[in-house]
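Enquirer: Keeping their order, the protein sequence lines are chains A and B.
So the first sequence is numbered by the working numbering: it starts at 46 and just counts up by one.
So the second sequence is numbered by the working numbering: it starts at 7 and just counts up by one.
Source of the hints: derived by calculation from the structure; they are not laboratory data.
Glycine included, C-beta positions come from ideal geometry on N, C-alpha and C.
The reader is advised that the hints may include incorrect statements.
Unchecked claim - Selected chain A positions facing chain B (in silico; Cβ < 7 Å): (1) Leu83; (2) Ala85; (3) Ile87; (4) Phe90; (5) Phe91; (6) Ile92; (7) Leu94; (8) Gln122; (9) Leu126; (10) Val131; (11) Leu140; (12) His147; (13) His149; (14) Ala156; (15) Ile158; (16) Leu162.
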Amino acid sequence: MTALPLDYWLTAGLLLVGLYGLIASPNLLRKLMSLNILQASIIVFFIQLGAKTGAAPPFAPEHAEVVAADYVNPLPQTLMLTAIVVGVATTGLALALLIGIHRHFGTLDEADILRRLRE
Amino acid sequence: MRDHLPLLAIAVPLTAAMIAPLLGRSSVALARGLAILASLLTLAAALGALAASLAAGPVRYALAGWPPPFGIELVVDPLSGSVASLVAAIATLVAVWGVPSPDRPGGGVFWALFLLLVAGLVGIAVTGDLFNLFVFLEISALAGYALLGAHDARSRVAGFRYLLVGTVAGSFYLLGVGYLYALTGTLNMADMAARLPAHAGSPLVTLGVALIVAGLAAKSALFPLHGWLPDAYAYAPPAVVAFVAAVASKVSVYALIRILFDVVGSAGPLSTLLGILGWTAAAASVAGAGMAIAQQDFRRLLAYSSVSQMGYIFLGLAIGNEAAFTGALLHLVSHAVMKANLFLVAGGVLWRRGGCRLDDFGGLSRQMPVTTTALAVTALSMAGLPPTAGFFSKYYLVLGAIQEGAWWWLGAIVLSTLLGIAYLLGVLERAWFGERASDEVGGELPPRLLVPIVTLTAAVLAIGLFNQDLVEVVLRHALPASVR
Numbered sequence: 046m047t048a049l050p051l052d053y054w055l056t057a058g059l060l061l062v063g064l065y066g067l068i069a070s071p072n073l074l075r076k077l078m079s080l081n082i083l084q085a086s087i088i089v090f091f092i093q094l095g096a097k098t099g100a101a102p103p104f105a106p107e108h109a110e111v112v113a114a115d116y117v118n119p120l121p122q123t124l125m126l127t128a129i130v131v132g133v134a135t136t137g138l139a140l141a142l143l144i145g146i147h148r149h150f151g152t153l154d155e156a157d158i159l160r161r162l163r164e
Numbered sequence: 007m008r009d010h011l012p013l014l015a016i017a018v019p020l021t022a023a024m025i026a027p028l029l030g031r032s033s034v035a036l037a038r039g040l041a042i043l044a045s046l047l048t049l050a051a052a053l054g055a056l057a058a059s060l061a062a063g064p065v066r067y068a069l070a071g072w073p074p075p076f077g078i079e080l081v082v083d084p085l086s087g088s089v090a091s092l093v094a095a096i097a098t099l100v101a102v103w104g105v106p107s108p109d110r111p112g113g114g115v116f117w118a119l120f121l122l123l124v125a126g127l128v129g130i131a132v133t134g135d136l137f138n139l140f141v142f143l144e145i146s147a148l149a150g151y152a153l154l155g156a157h158d159a160r161s162r163v164a165g166f167r168y169l170l171v172g173t174v175a176g177s178f179y180l181l182g183v184g185y186l187y188a189l190t191g192t193l194n195m196a197d198m199a200a201r202l203p204a205h206a207g208s209p210l211v212t213l214g215v216a217l218i219v220a221g222l223a224a225k226s227a228l229f230p231l232h233g234w235l236p237d238a239y240a241y242a243p244p245a246v247v248a249f250v251a252a253v254a255s256k257v258s259v260y261a262l263i264r265i266l267f268d269v270v271g272s273a274g275p276l277s278t279l280l281g282i283l284g285w286t287a288a289a290a291s292v293a294g295a296g297m298a299i300a301q302q303d304f305r306r307l308l309a310y311s312s313v314s315q316m317g318y319i320f321l322g323l324a325i326g327n328e329a330a331f332t333g334a335l336l337h338l339v340s341h342a343v344m345k346a347n348l349f350l351v352a353g354g355v356l357w358r359r360g361g362c363r364l365d366d367f368g369g370l371s372r373q374m375p376v377t378t379t380a381l382a383v384t385a386l387s388m389a390g391l392p393p394t395a396g397f398f399s400k401y402y403l404v405l406g407a408i409q410e411g412a413w414w415w416l417g418a419i420v421l422s423t424l425l426g427i428a429y430l431l432g433v434l435e436r437a438w439f440g441e442r443a444s445d446e447v448g449g450e451l452p453p454r455l456l457v458p459i460v461t462l463t464a465a466v467l468a469i470g471l472f473n474q475d476l477v478e479v480v481l482r483h484a485l486p487a488s489v490r
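Construct the complete structure from the given sequences, taking the supplied hints into account.
Expert: Shown next, in the form of structure tokens:
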């Protein structure tokens, strides 16, 4: 098995940072930001799958002979455009919920909110 | 027409979701009518595609004319057709029930979100593309968070926590798909199934499949990933919970079946994963039932009961012979019908009596005889008494476990069934013999709320009485080829 490239380990590290923040952070807004980091790590992972050093953008002149190896694979980037849209929608909805939570409880500290829910 | 049915099943609720907010501006009743109509049309399209697939093999539709594996493909086979029909049928009944909660009529936006949820869930069922499945997974999840979290402050906290777990689960799924895509260069399920065997035994397949399984298991609230579920179900509007609890988790199980058995198959670490899932599911069925006994709120009780019942479905997959797998699919259908009905009954009690703690069920049979009968039939089905739906799905599961000699798992099914009888009989005992303070107002539920309850109760009995036909005609053809 070939050794995995450095950027692979970097994205894996980014994912773990997001996961750690989600678990360890006591504040709901910070949890949401950690979630965004986790999503970003997956986006970088896909982008890096499609990256190719020295290749051209995937536009071929008409009637020219096309060698696939000379061009960047555009599919991972296209997929990630969709994933980014999904991420934005998730963040927007989450922020809307957080505004509602903050209006009612006056705090975004998870422990405080859970304590008040049990009262 | 036949070829377009898979597309129609998604396009109809999606289009209706765009129109609903506009209609809701002038009249909420109009928006609700649109939701009922769209759900019915979706049901017709899904049933039509299911019938076509049973008659002449899977119905395939290449989106925008791009031939697969380059374009996105929709596929309706007996399994996906059954799941899509189930989603649309429950959606229709919940739309007839009509309001998110009796004291808060839903506006056009509520119905738009509801229809988006339907479109997302049907989409998961009929898509033949792994990335497209992620998109539908997130569409349904986002609509679900918004519907569950829009009620009051408590439901917002529960909805937000569900959003965190659900998004991490979705991200894990996407990452897993990324690994498989990097290996095979394709996202089409059928194409990937053909290419994966060349990579059998690669640690990247193991990692990718494990991530997908973890993500989908969390989405379907498999113990111990169920933490988000009780609060989300207890604080949200009854009609929303009835729909989400009944079908959303089932659709995730469907996705798991599709990917594990049809896409990955023997190319991945199937037996190891199924072993882990089996033991987790055994723990889920017992622990969920145990926690349900301790609950004082009926909706919370039902939520923990869902944790337990999802365990049965996963146990059926893990045992993996024909009988157990049939049991798992039958339970997928029957539990959806039963759980939708029980949550609607809970919503009715909440409306008439202002609460649905167990004590609020006291003397219910004198105030609402029809609803109480529906509650009794469905609860007995949940407990697994013949001739109801719940008995036969458990019968197939037990039969499969005995054939396979999976005694520990059989023990888990029996133990959790006994616990299940305990918590459900507690409710029934209160409904019939309990006393209720004299401030009773109103009698039986109005027809609009009663029609879905009675229909679902009839379905519980019908699935039980005609279980053999259902299995022979539909579900047997829905089993993965490796199990049949």
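Enquirer: Hint by hint, say whether it matches the structure.
Expert: Comparing the hints with the structure gives:
1. Annotation: Leu83 (chain A) was flagged as interfacial toward chain B, and the flag holds, the nearest CB pair being 6 Å apart, inside 7 Å.
2. For Ala85 (chain A), the interface hint is violated, the least distance from its beta-carbon to any beta-carbon of chain B being 10 Å, above 7 Å.
3. Proximity of Ile87 (chain A) to chain B holds as hinted, the smallest CB-CB distance being about 5 Å (cut-off 7 Å).
4. Hint on Phe90 (chain A) holds. Least Cβ distance to chain B is approximately 6 Å, under the 7 Å limit.
5. For the restraint placing Phe91 (chain A) at the interface with chain B, the shortest Cβ-Cβ distance is roughly 6 Å, inside the 7 Å limit, so the hint holds.
6. Because the closest C-beta pair between Ile92 (chain A) and chain B is about 11 Å apart, greater than 7 Å, the hint is violated.
7. A distance limit of 7 Å between C-beta atoms decides the matter here; for Leu94 (chain A) the minimum to chain B is near 5 Å, and the interface restraint holds.
8. Checking Gln122 (chain A) against chain B by beta carbon gives a least distance of about 13 Å; that is not within 7 Å, so the hint is violated.
9. Hint status for Leu126 (chain A) relative to chain B: violated, with the closest Cβ pair at about 11 Å, above 7 Å.
10. The restraint placing Val131 (chain A) at the interface with chain B holds, with a minimum CB-CB distance near 5 Å, inside the 7 Å limit.
11. The closest approach between the C-beta of Leu140 (chain A) and any C-beta of chain B is roughly 10 Å, which is over the 7 Å cut-off, so the hint fails.
12. Annotation: interface hint on His147 (chain A) violated; nearest CB of chain B at approximately 10 Å, more than 7 Å.
13. Interface hint status for His149 (chain A): upheld, as the beta-carbon distance to the closest one in chain B is roughly 4 Å, under 7 Å.
14. Violation of the interface hint for Ala156 (chain A) is found here, the shortest Cβ-Cβ separation to chain B being roughly 12 Å, above the 7 Å cut-off.
15. Interface restraint check for Ile158 (chain A): the shortest CB-CB distance to chain B comes to about 6 Å, inside 7 Å, so the restraint holds.
16. Of the supplied interface hints, the one on Leu162 (chain A) holds, with its beta-carbon coming within about 6 Å of a beta-carbon of chain B, less than 7 Å.
Of the numbered hints listed earlier, those contradicted by the structure are 2, 6, 8, 9, 11, 12, 14.
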